[in-house]
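Chains as they are written, first to last, in our numbering: chain L, 1 to 469; chain S, 470 to 910.
FYI, nobody ran anything at the bench for these hints, they're computed from the structure. Source: prediction; values computed, not measured. Among the hints, a few may not be true.
[Stated by the list, open to error] Think about it this way: if two alpha-carbon atoms lie no more than 30 Å apart in a straight line, the pair counts; the simulated BS3-like pairs of lysine-lysine are:
(1) Lys181/L - Lys90/L
(2) Lys246/L - Lys842/S
(3) Lys376/L - Lys842/S
(4) Lys639/S - Lys462/L
(5) Lys564/S - Lys181/L
(6) Lys53/L - Lys11/L
(7) Lys564/S - Lys225/L
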Amino acid sequence: MKINSPLEAYKYLPATNCGKCGEQTCMAFAAHLIDRSMKLTDCTPLLEEKFKKKFKELDKLLEPEIREIEIGVGEKIAKIGGDDVLYRHKLTFFNQTKFAYDVWDTMDEEELVERVNYIQNFKKFYVGNFLTVDMIAIRSVSDDPERFASTVKKVLETTELPVILCSFNHNVLKAGLELAKDRNPLLYAANKNNWKEVAELALKYDVPVTLFAPDDLDLLKSMAKTFAEMGTEKLVLDPGTFPTGKQLKQTFTNFTKVRRAGIDGDREIAYPIMAVPFTAWMAHDDPVSASYWETVVASVLTVKYGDIMILHSTEPYAMLPELHIRDTIYTDPRKPVTVDPGMYKVGSPDKDSPVLVTTNFALTYYTVESDIASNKIDCYLWAIDTDGIGVEAAVAGGQLTAAKVKKGIDESGFDLKKDTSHNTIVLPGLAARLQGDVEDETGASVLIGPADSGRIPGWMEKNWPPQKK
Amino acid sequence: MTNKMKLKELSDILQDLNVESLEGVTIEGDIELNISGGGGLNPALAYALGNEISQISLHMANIGRMLGFPAEQLFASAFQSGEMPQTDKFTTSPKLQELLDSKFEVSKIDSWKNTIQEVTLGASSADGGSRKSTVTLGGENALPYYFDAEMPHRNYITMDVFDMPIGMAKAVKGNYEDVINDPAEWAKKVVRDFNADMVTIHLISTDPLINDTSAREAAKIVEDVLQAVDVPIVIGGSGNPEKDPEVLEKAAEVAEGERVLLASASLNLDYERVAKAAIDHGHVVLSWTQLEINAQKELNRKLMKQCNLPRESIIMDPTTAALGYGLDYAYTNMERIRLAGLMGDDELTFPMSSGTTNAWGAREAWMVASPLKQDSDWGPREYRGPIWEIVTGLALSLAGNDMFMMMHPTSVQVLKELTQTLYGSIDAEELDISNWIGMEV
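With the sequences and hints as input, model every part of the structure.
If you want it as structure tokens, here you go:
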């Protein structure tokens, strides 16, 4: 955005402190506009006719540097771009990189439907939510419009996920578009040979389009400028993803250059960037090596500025790290690292339920909590104040000690002797070395739980209730 | 109604459209369109003309409507299809025949003024040691692999060796079963078979809560490892803050002149003893803090100012958390440290090291299947584990990390391949990706 202090935004607001946005003052609202945690339309008075000019001006100033593009429709709509910074700690990155996994028009129908279903149903539980993937990229291998159309048809019948129509042949793209036009698909791609025809399609059907100029940023910028001039800014830029050697280094350079230019204010190139780690399959014959390298390239380009990518491997050892590195980079760094220390009830614990110790590092806490809750175990979960450091590191660094455990217990007001029938604490397996000390400090008996909370159910079967001494 | 419209205004409206593509059309006097160019109209000009004429007729029709005539009905019946999309008839955008010229330009970052300190590990016979190879880290003037400035040194990988058998993920353990009771053989194996640039000997048995091996006993193991390999080594304690200073002192003594990395000094142990051991015997100190940039500054400052440790004897370990288990903090912490260093914070201009092995703490790396029934199948763990270590490492390499402490041979091989590719020292056959879409996989 073009402004960076609440004062600058405040000038355009009604300054009535009416509170309709939910904030006490217009200045507080202005601060939320600057950190992008609220939208300008949340200020309803500003939508009135008399403020129209100010609304428009401020809206323009608040526009993100990188344009935001929408692909698909309805609930599964995918937004890409919209970033304002080069480093996540400067604000946060917006709109996670979108992962499209490919299908192709020479697949037989059964195989096609199975693959699309696998992609759309893939999920991984993580800190209270499921991580999922976003899109289907449909590749024309046959170069036959009819064949492509029938594949597109089948995909659209099978999934609500947004689609990318991939061909350099505009007749093939047109055949796909005819069927997919109501689903706002992304076209892939216009290049230096077909751009006129593809531009016509993008304009006629009013859909977003990818511009492909492998390792030629001048051409890429020319195409973006030309398309904008012709009437569409729904553009995605693909500077080419070369999978190996010096070409991969150059790919990395191109991605960082394009994004820096965009954030620095060059509007002509300030669009979301497309990566195609798929090309790793052109460099490796063995499927495990190809999948590994594809994941590696995808991870690098997720960290450095890829906003959307086309991938091939649907092996869990590709998809799981891809989902997690994306989550890593796009997690809002402003969100708290810790949960409040103290005693939490999971399920409906009673006197016979176990008392489990963990740290107040949010990730650790939520992981343990979801493992327990999803296995329907009733227990007390004790978040010890370790300054937001996980168990293993806190034991090594002295933030999780017997004294800290004792302090945590004392401060929570929970009385192990009165409130439980067993006077027992279960320490995480990674804190096993504290067992003796904790026994000495607290006078309770101490059991050592598993090193990973995913194994708590099995551990409970063997170790709970504790044997009477 | 008193709406009036003069032809002058009409041409004013037309002027606001993209008339530049309309040479050959003039509007004169009464409504009279002069279209020159005859039969030689090229398709683009014809299209543009069609566009403009349609625009004019639209304006005319609007005037008609102002006068009360239902012009839209006339249009609908004239074209006989109400469902033809608007964009087909009245697009306002020019259709271009040639790409507009544009040159891509981007500036280098001028606030990166500081150079990261160069630190050398290992000493050859010329420098009083017995290493055949040495490793130099640091020297950067930009974020890693960036076009702003050449990166002077590649990334290096040191592989873990332990002084006693420890619990390891199955995929890791399979590689070390034959050497698990012999640190010297273990060290040889990682250098010879797995291409390790360096070896880290972790003296974990010295922990009073484990075997309480004496510092003197532990120092013998260090000597064995120095004998067994000729690459630079890192010496790690057990993490016990009371015992580590003594263990590292003895180790530093027997490794005199070899310029090892002592791991580590931290704020919760007697870092002065560790620093002094390094100064007295010519070693480097790993300055270890936990995901906190200000603590890192504080410890570095104390090592420099209070302990007089030379700048070229400090490497930082700002802590590595595994992918999915806090890597976001570890990544951003390192990125902030490196950016601060490049922009002139002298307390942070040191090379960085990552305990990438921590990735194996993630259940996704080692568990045979997801503990949660709702998850999709996690697939074979023998492939999941190494990639977890690789992705953890590569993210940190992009944040500015120089050296990686690692465990699995496949992870080492792939991360080396990637970091050296981005560094620019790997050649590969050039690929033409211009028609990747049609590839059969």
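Now the hints, each set against the structure:
no.	hint	result
1	Lys181/L - Lys90/L	38 Å, violated
2	Lys246/L - Lys842/S	44 Å, violated
3	Lys376/L - Lys842/S	12 Å, holds
4	Lys639/S - Lys462/L	23 Å, holds
5	Lys564/S - Lys181/L	21 Å, holds
6	Lys53/L - Lys11/L	13 Å, holds
7	Lys564/S - Lys225/L	13 Å, holds
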